[in-house]
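Fit chain B to the given chain A structure using the hints.
Heads up: the sequence lines are chains A and B, in that order.
Using the numbering used here, read the first sequence as starting at 6 and increasing by one per residue.
Using the numbering used here, read the second sequence as starting at 1357 and increasing by one per residue.
Don't take every hint at face value.
What the hints assert, rightly or not - Some chain A residues flagged as far from chain B (calculated, every beta-carbon gap over 10 Å):
1. Tyr38
2. Thr43
3. Pro45
4. Val46
5. Leu48
6. Ile49
7. Tyr51
8. Gly52
9. Leu53
10. Lys55
11. Leu56
12. Leu57
13. His59
14. Leu60
15. Ala61
16. Pro62
As the list claims (entries may be wrong) - Label pairs and their in silico Cβ distance ranges:
17. Lys42(A) to Thr1430(B): 24 to 34 Å
18. Gly52(A) to Leu1376(B): 34 to 44 Å
19. Phe1396(B) to His59(A): 27 to 37 Å
20. Gly1416(B) to Gly36(A): 35 to 45 Å
21. Gln1475(B) to Leu48(A): 50 to 60 Å
22. Leu1376(B) to Thr43(A): 30 to 40 Å
Said to hold, decoys possible - What the simulated footprint calls covered on chain B by chain A, stretch by stretch (three residues with Cβ under 8 Å from a Cβ of chain A suffice, anywhere in the stretch; the number is not a length):
23. 1392 to 1398
24. 1415 to 1423
These aren't lab readings, by the way, just hints derived from the structure by calculation.
Fair warning: this is a prediction, and the values are worked out from it, not measured in the lab.
Glycine included, C-beta positions come from ideal geometry on N, C-alpha and C.
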Amino acid sequence: MRVTSVDIIRAVRGPILLIVLGLLFVGEYWGQYPFYKTWPVLLIVYGLLKLLEHLAPDGSRTPAGGSL
Amino acid sequence: MKRRSLAGPLLLILIGVWFLMSTLRPDLQLLDLAARFWPFVLIGWGALRLLEILVWAVRGQEMPRSGLAGSEWTLVVFLCLAGSALYWVNYDRPWGRFAIGANSVEIFGRSFDYTIPEQKVPAGKATRVLVENLHGTVRVTGADAQDVTVGGRKSVRALQDKDADEADRQTKVDAAVNGDMVVVRTNQDRFTGRQRVTTDVELTVPRGFSVEVRGRNNDSIEVSSVNGSVEVAADDASVRLDGIGGNVRLTDVRKSDLIRAANVKGAVDIQGGRGRDIELDTIAGEVVIDGSYSGDLEFKNLAKPLRLTAPNAELRVERTPGEIHMDLGKFEATNLVGPIRLTSGRPRDVEIEKFTQPLDLSLDHGDITLRPLDTPLSKIAAHTHNGQVELTLPEKAAFDLKASTNRGEVSNDFGDPLKAVSDEHGRGSGSITGTIGQGPAIVVQTDRGAVTVRKDSGAPLAAHSGHIQPEIEKH
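The shape of chain A in the complex, shown without the other chains:
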């Protein structure tokens, strides 16, 4: 079973979004950036990860969920 970079990017998407979410709350509580101003960062990060997924060389792309 070969792991493609697309698989990795797709797999790390959740954890990275979770970390960003946590950072935004930290920015609210410990810094000067309230969450209601910074939430679009989540969209941007999500968009970037999707973009990366498209740009990455996907080798033999397995159909989504086909191999689990």
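Chain B alone, transformed into the frame defined by chain A:
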């Protein structure tokens, strides 16, 4: 082999430890910790998953379809909601009195106390003082002095000393002369942080000064022993005034537990408020109250007219040498000088003892008990839609009585020369009429309820209730 993340078990352990600590060491303020640090749980969780995925990738193991399963995202959402709520309750409360209980302060942070350094401002040509304090108490006392002295205490609720110190630094109390006015500001509006600053400011001013206080959420505003006027505007405050030489105006006290004024030489004007209790004692000027008050209203020794306008009641009394006590369901008064006018749109029992000058009373619902006591009598017009009427008239008074009910019993306890007339054993209409000498018209009427007329024996009013001796002439 199905791979499982370590995040789930670790999260469980973390929660378990947290609960264990909060039961074993209640002094650690763990709610505080949770409120501030929960976002780091998200970060740690994300980092752990990331690490796991990278390790799997390096080992060439199969990747999960998504880094975080749907159920995990649900948990994340719950965590965010719970954490935000905790933080919000803890630090972001925009109002002052979200009282979870007295312990909430202990749970959610500590209170740091500071003493406001005493400042003396020479009054010079100033004749009045303006105090601006958004949160906390204000106490102004007049004294035989030439200076305005400012002092007091400040408390900051915060988690750490340095936060509290910063809050204290940014909210220095200013006192300066500006034209004919000494302006004292507590500057809480300048403070940008989240900590809550409460300033209890105490002033001593030259006795001739006028005082103006502007607040927002003030536990209490007290002014005493000044010869000038007093003006108070605050959203939510208890106001206590004593020994005021000039007029008193409470223009914008929107909410109050108590408004108390005693020994005021000027007029008292309370406008547009909602609150609970009002106590006015020994007021030389006119008293005007316009607002809605749900508690006890007490007026004692008012030398000039009292005018009260409430959503469901209107009262006007020329002078009150005695006292008036009223609440939502009752109006009791002794020793009033009329003309007296009272209308009430809500159920209210009215009891007035010892009054002179005309009385005009109109109730929607409630019993009326009247005992003018003094002779000669004045004109009385009293009407209730639903309630008993009890009238106690002095033995030697002159009057022209017309007491009637549309449905109810009548009892003439006064005896001759009054005549009682009743239909159908008290189920129909009835009346008591009669004239003694050349007296004023006394008209009391109820649409539904008993009518009783008594002869005054001079005993206290309450002693009358309970032993009615009907004396009805059948029609």
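Checklist entry - Quick check: which numbered hints come out false for this structure? => result none
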